[in-house]
Amino acid sequence: MDKKISRSDKEIVIKSFVKELYLNNACWTQGKLPKGFDYYFSEEPFRNNEGKVKQQVYRYITNSDGSIRWIIPANSKFPGFLDLYNSSGWKAKLFGVACKLLFRIKLSFLIAPDKFYLLSTKPILQDEWLMKKDFDSFAVFTGTVGPNRKVLFALHKENETIGFVKHPISIESSLLVANENVILQFFKDTQFEKLSIPLGNNLGNGDLFTNDMRRSKCKSEADFTNTHASALQELYTLETEKLQLENSAFYKNLKNQINNIYEDSKLPFHSEISKQLHILFESLNLKQELSFSWAHMDFTPWNLFVDQGNNHVGIIDWELAKPRVPILFDAFHFVFQSQILLKNQNFNSIFKCLNDQVKNKPIIEDLIRDNDIDFELHYRLYLLYNISYYLNVYQDQVHLHLQVNWLTKVWYEALFSQASMTKSRTFRAVFIADLFQSLDNKKYAWLHACDTKIEEINLNSDIDLLVVNSVQKEVMEFCKTHVLLSRIHHVKKSFMTTVELYFMDGSFLSLDLITRLVRKNLVFMDANKVLENSILNSEGICVPSKKDDLNYLVLFYTLNFGSIPNKYKEYYFKMEGEMRIPFIKFLNEEYRMTALSLAQMFNELHLSFFVMRKILLKMNLNRGFCFLKNTLNYLIDTAGSFVLRKGIVVTFSGVDGVGKSTLINDLALRLRNDYRKKVVILRHRPSLLPILSACRYGKKEAEKRAANTLPHQGKNKGILSSLVRFLYYFSDYLLGQIYVNFRFVLRNYVVIYDRYYFDFINDSKRSNIVLSKNFVQTLYSFIHKPKQNFFLYAKSEVIRQRKKELSASEINELTGNYMQMFTRFTNKYENSEYHCIENINRDKTLQKILNHVVPGL
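Just so we're aligned: the sequence shown equals residues 519 to 1375 in the numbering used here.
Calculated from the structure, these hints are not laboratory results.
Using N, Cα and C, we set each Cβ at its ideal position, and we do this for glycine too.
Take the hints with a grain of salt, since some may be wrong.
[Said to hold, decoys possible] Dumping the calculated DMTMM-like pairs for lysine to aspartate or glutamate here, alpha-carbon to alpha-carbon at most 25 Å:
hint : residue 1 : residue 2
1    : 611       : 816
2    : 1065      : 1050
3    : 537       : 601
4    : 633       : 529
5    : 595       : 652
6    : 537       : 711
7    : 870       : 1351
8    : 1103      : 1050
9    : 877       : 888
[As the list claims (entries may be wrong)] Listed next, with one range per pair, are the computed distances between beta-carbon atoms:
hint : residue 1 : residue 2 : range
10   : 720       : 1338      : 50 to 60 Å
11   : 764       : 615       : 47 to 57 Å
12   : 1106      : 878       : 51 to 61 Å
13   : 1030      : 1164      : 16 to 26 Å
14   : 608       : 688       : 31 to 41 Å
Could you put the whole structure together from the sequences, leaning on the hints where they help?
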């Protein structure tokens, strides 16, 4: 028996050289020539041929699993199979270089050591092609496993590629190749500027020849760029129409695909994906109108040749293409396929790429606006269609390639996130529900919940969980692996771990996992007893008993010299009088108080601080060795807090009236409330040094006069006085940046500058300075380069409606200068980011800013 080439590979080899009509006249032998056949294949040289028929020798290269990938004639003098290889990654490029070198030094057998022999008494498939195409060699790619499998040939003439042939080997692939032929004929006379499409030529027998359209400067790009977006934008201009979803062929195909999904399959995540697909499909509004246009349907790096210099894309493999597909389908597909198959990225990374490379790209923003596109809906339809299509393909396959595991995992996570959004919940809310579900039968208690239902938790609220150590570890693992999480940061102390959770939709949650109830080195409650006394609320969530919960609030806020927040006071005030009496009695006896009501008790808690402390010190958990251990833990925690976590610096620039101050205040509010960040806003400079007029009027009066004086009204025109003024402010930056770094940045503040040093470069007149722009810009080398820098701009007429300080020409000139400077700085300072944002819609502008700032928190 043959031990090298598998039975399935033998079938593929035969189909690669023999017309379908003569497949029954072909066989594999062991160097023999049995009668009754016209085509013989063997891994050994043929014997008893007597020179009647010349045998052909082919070498082949295998995949990692041993299956045949490429086939070339044994006498090939160059690696023509590289025409059939996607070389976008560095490993692929290195492989290509190695192949070319080995062929050049005539060691090609090291790349393709295995071979087989072919002997035929009738013309093989390639002989018939020679009647229509002039070539002297070829290379074969045996195709990807599956029902749509086809064999791809690269035809060569004098070591140059003249084109490619698609040879279908199944009914499904025959239909696809036929569809591509129709598509290419349809586009044959269409003139494109930003994209090109190959010319198709039917060779008969269902085989399709396409010309080689690669250019010398073309390459495959793994990221979705402006060039890709421009090509799609031009494709959409051919035919765009509005249709109700239920009236589209796209919807009918989608419905059939989902109905054809098996209830059970060995495909990874099959049941979960199928369930989510049905949930998402049922949530669609069939009456909603969408924008439809042409789609390539397999718009991926390996099907594209990009010439960035000429802003041009060559697109091949049009076999899946069709009209009337929701716009942006190809953009979504490019990101998913490239990130999964080329980079093996998880859904978190892909979701970020969708925003960075697609949604926030100006060309795509124009498409969305001009065609009134609901981005989220079009994205959802892409997921439904693409996943259901390939689920139908893969569920019947016996042998699945490794990448199917990658695909299905990401599909499940993507569908899960969408199913969550259809319920109008933030990812934070979904996570909280999942978290409490994962805690079933675990030892925990949700502190100061006050009968709050989990779907009613305020967006600005943290969650404090009292847990045992083993549960703390389990929750940490749950957090790290949750599919909706964008990133996670945690700070561990001896008594608790604070977990900061950033979700892919921009929402945020701070989660405290508390194992001991401690204030400094003082244990104020026995955590184990609190857990033992915990009860289930109406949702089945573990919470402390009402007595323990009130005791916790009283001790926590009193020992921290704070007052109990109103929401907790109101919760206990709403209790019926008879229910409050035991609590008042307990606290009076426990802490030697004489309060007649909860209101009186809450107001007088600060008077009981020393009594409480004295009582707590008598607890066994605060005596002897335990006290020493508590003190040591406190000292270690305190020392650990000095291991500084850096904050970031953000700057805003723009002409007066563009809306900087409003957006700065919006940003500061969101960072404080949503992300629990300490924020400081600085005006123009660090202000370690006072403004110059303070010497004359005093600091307060000088600041008041400066605030009431319009900018650009200074009358200074002297170079010397400008130099003195500038050097004074420059000194403030030099010294002040050190102060700001230690005072704020190294203490995890977000420092926001309302204007920065850039004003001295582009708008020095605003600061009553007249100096060379180049001189001022050169000195920027000595100034701290903030991480995020935003230049806000708007049309001059919009700005002048708000402030008429500058003329339209002055506004346009300043805007142009800032944009040019930000472009230069983007190329020069790689560790800083410079963004120019047109401030048309306040909410959208704020969201764009947050998209850049939040990942750096």
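Against the structure, the hints:
1. 611 - 816: holds, 23 Å
2. 1065 - 1050: holds, 13 Å
3. 537 - 601: holds, 24 Å
4. 633 - 529: Within the cut-off at roughly 16 Å; holds.
5. 595 - 652: At roughly 18 Å apart (the allowed maximum being 25 Å), residue 652 and residue 595 satisfy the hint.
6. 537 - 711: With Cα atoms ~39 Å apart, residue 537 and residue 711 exceed 25 Å; violated.
7. 870 - 1351: Since the Cα atoms of residue 870 and residue 1351 sit roughly 17 Å apart, the hinted pair holds (cutoff 25 Å).
8. 1103 - 1050: holds, 22 Å
9. 877 - 888: holds, 14 Å
10. 720 - 1338: 50 to 60 Å: Taking Cβ atoms as reference, residue 720 and residue 1338 lie about 53 Å apart, which means the hint holds.
11. 764 - 615: 47 to 57 Å: Given a distance of about 53 Å, which is inside 47 to 57 Å, the answer is holds.
12. 1106 - 878: 51 to 61 Å: holds, 60 Å
13. 1030 - 1164: 16 to 26 Å: At 22 Å between Cβs, range holds.
14. 608 - 688: 31 to 41 Å: holds, 35 Å
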